[in-house]
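Novice: Going down the list, the protein sequences come from chains A and B.
Position 250, counted from 1, in the first sequence is what this note's numbering calls 246; the numbers after and before it change by one each time, with no gaps.
Position 96, counted from 1, in the second sequence is what this note's numbering calls 92; the numbers after and before it change by one each time, with no gaps.
Read the hints as simulated data drawn from the structure, not as lab findings.
Just to be clear, a hint being listed does not mean it is correct.
For chains that are exact copies, the list does not tell them apart, and a pair is met inside one copy or across any two.
[To be verified] Taking lysine-lysine pairs in the DSBU-like style, the calculated list, with each CA pair at most 30 Å apart, reads: (1) 94 x 387; (2) 51 x 148; (3) 42 x 86; (4) 336 x 69; (5) 269 x 236; (6) 254 x 371; (7) 417 x 42; (8) 333 x 32.
Number of protein chains: 2
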Amino acid sequence: MKNIINIAVVGLGQVGIYLLNELNTKKKDIELKTGKKINVVAVSAKNIKKKRQFKVNNKIFFKNPLEIFNKKKVDILFEAIGLADGISKKVVETALKKKIHVITPNKALISKHGNYLAKIAELNNVNLEFEASVAGGIPILRTIKEGLATNKISKVYGILNGTTNYILSEMESSNQSFKDVLKKAQKLGYAEPGNPKFDLNGFDAFAKVRILSALAFNSKISKHKCLMEGIEKIELKDIKIANQLDLRIKLLGISELKNNQLFETVHPCLVSKKSYIGNVTGVMNAVITEGKPVGESILQGEGAGPGPTSSALLSDLLSILRGNIKNPLGVSVSKLKLLKNYNINNYVNSLYLRFEVKDKPGVLSQITNRLAKYKISVKRLIQTPDKKNNKATIIIITHKTSELNCSNCLSIFKSNKNILKPPALIRLLG
Amino acid sequence: MKNIINIAVVGLGQVGIYLLNELNTKKKDIELKTGKKINVVAVSAKNIKKKRQFKVNNKIFFKNPLEIFNKKKVDILFEAIGLADGISKKVVETALKKKIHVITPNKALISKHGNYLAKIAELNNVNLEFEASVAGGIPILRTIKEGLATNKISKVYGILNGTTNYILSEMESSNQSFKDVLKKAQKLGYAEPGNPKFDLNGFDAFAKVRILSALAFNSKISKHKCLMEGIEKIELKDIKIANQLDLRIKLLGISELKNNQLFETVHPCLVSKKSYIGNVTGVMNAVITEGKPVGESILQGEGAGPGPTSSALLSDLLSILRGNIKNPLGVSVSKLKLLKNYNINNYVNSLYLRFEVKDKPGVLSQITNRLAKYKISVKRLIQTPDKKNNKATIIIITHKTSELNCSNCLSIFKSNKNILKPPALIRLLG
């Protein structure tokens, strides 16, 4: 590798602009650690005039990022646009084919096209690095690929989305509804102002699960259909009841090998308040891996925001500058396993069920009879009357049962005149 | 690098023998991930006949490890003898000079001779890797050198010794004395049966602090005199009182930049039971780094034992096999800073003091007057009488004061006929 390295930054949103500033201020440190001088030769964004935190040098500005390839000699390109397809894919693809190393925090792109892009990178003997795509500042991908390499990992799970973790924590501590806390999160920049959907419905965490699976199990990034639930239906009521039961609700991403089949999921979980994961609050992320011989490892850190994201992007940069060329997915794509999908129907959990019912005789027995018919045994039952409205809330914690059995059992309650709405269901961890 | 890599393992204790077995069973996985075939061509230990968990191939056995260099062509050598000097140093030094990569879990060697050995490795363009020397299976060194590279780290601290953490946890949960729990730890293999001194007195944790400092602050491994206290003086009484105060005692290793001066220490700390670090129990280790822009990062995992140690040793092996040649201390030794030492006298903390006194009038005021004279203000005071023995225990939690002021203040209590023994002192974290 030459001693002066030309860099392009495509996408000047919050992350891109913060990164640009870091690249400028950390030049000397980077040279000390790698012996290479970096030089930003091109930046690109839709709008040069948009108000940004740091100044952009107009002389190296490109409206169309693809132009950069014609006009500049680039060694390393940062893609920070963030689309799953379109111009993001085009820019990354073109760069790799032109033997330009690529670094990106784009989880949507990698989880969708990672296998294909990794292959192109390998063919052209350049790096495709995406540490920042999962869990922000936590170097979890590097840890799995390198620090825990040769461990037989059986499970990776954790809190992978800072927005939802903030909302759930804040609902508990401020006693405010989902809607109100979401507004607050948007004001504080923890949730996207326009369309926070992909954070809230679990999609963002799910993309990260896909990437973690591939690295942990040396398998192709999967395209299987999976269980994905967000936090949109979590009510303050559930959070309060969980609190009384010494539990807390967390949105978890889970990837696991079950009988050598891949099981990936994102859904809210009830976890013990005394557990480690139950105490990861606010915008923090945490990833737990179970491997042999290392045992359980935990990594925790800030999961989002331009600072932590830039930290991860620069770690990728240093890896490349130090000459650490390697397969983007740890193992050559051609040698990655193609894992079969674990049948979601067989996923087994204890369940928290909340029924809102009319307060009249026989309703409780209707519910318990139905559960008994499906052999779902009750671990705990709490009925709280709401006399004023002639209603009652029934909370049931069940022993373990499968997804299929549970959905067959509960289907009947969708249309029952004594049960005022379909029961709320939250799975318990473990 | 060639495609077939010859390996030597020197030292066949618990770690060496476990490693040897891992090297044999993980051959295919290693080839998949690196494209290299490994081949163990030499092993060495004092006694070939010692009973070991796994069989040793007699044909490649060397009683004198230095013989290996004459008889075999070795590419990578594992040093697992564990001495700070002597044959450990000789073997590592010789290997590096012969352009053989070295991997070692030997914190005593690296903390004492790391600067010198890293220089030899750099001169000969080979790796000297020691991930396993700090916090067992937790890839904390790689994380600091790579995952958090370019972050400005201001502090690294944590629970760095599994033996002492197990003892403190077990004293609390089993209500047994230090001596009894130590015996249990020795039986379970958590503490060395012969001489557990270096775990108990903080020396082991301190060696790890030295290594962490160098990597976190890009400085030479220091030789400064520092504050080092172990857990030998912790009594069950202190653990019980801490418990009542919602605190827990942990042996922490701390490395910090204070006014650009290096402060390294190991001592027992009182931490909140509700804090993260207060809930890392048993043989677990945890390391917390504070950096910009990444924020606070936490890594937790099993800190000792042959499994986690082998995990770290193999991660080093994979790094070398993937061709990631780099400076052992992150930055070339010649460019590492030489940090000035922070004056221990200025170290400031709130203190827990326990006085065992004669139960007679005036004793309490003697103590409080003395504290007042040194402007050490009292945050909390609890006096518990022991009428039967005509004694009393006085617990004082102070506001913050410096080491110097504190030791000047307390010196008088070493010879006071009403104070039955020198007061127990434990610092509070933060």
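Novice: For each hint, tell me whether it holds in the structure or not.
Specialist: Outcome of the hint check:
Taking the shortest alpha-carbon separations for residue 94 and residue 387, neither the intra-copy value of 67 Å nor the inter-copy value of 82 Å comes in at or below 30 Å. For the homomeric pair residue 51 and residue 148, the shortest alpha-carbon distance between copies (23 Å) is at most 30 Å, but the shortest distance inside one copy (47 Å) is not. In the homo-oligomer, the alpha carbons of residue 42 and residue 86 lie at most 30 Å apart inside one protomer (15 Å), although the nearest pairing across protomers, at 61 Å, exceeds that limit. Neither within a single protomer nor between protomers do residue 336 and residue 69 lie at most 30 Å apart by alpha-carbon distance, with minima of 43 Å and 44 Å respectively.
With identical chains, the CA atoms of residue 269 and residue 236 are at most 30 Å apart both within one copy (13 Å) and between copies (23 Å). Taking the shortest alpha-carbon separations for residue 254 and residue 371, only the intra-copy value of 24 Å comes in at or below 30 Å, while the best inter-copy value is 63 Å. With identical chains, the CA atoms of residue 417 and residue 42 are never at most 30 Å apart, being 46 Å at best within one copy and 74 Å at best between copies. Taking CA atoms no more than 30 Å apart as the test, residue 333 paired with residue 32 passes between copies only; the shortest distance there is 19 Å, against 37 Å inside one copy.
Comparing the model with each earlier hint shows violations of hints 1, 4, 7; every other hint is respected.
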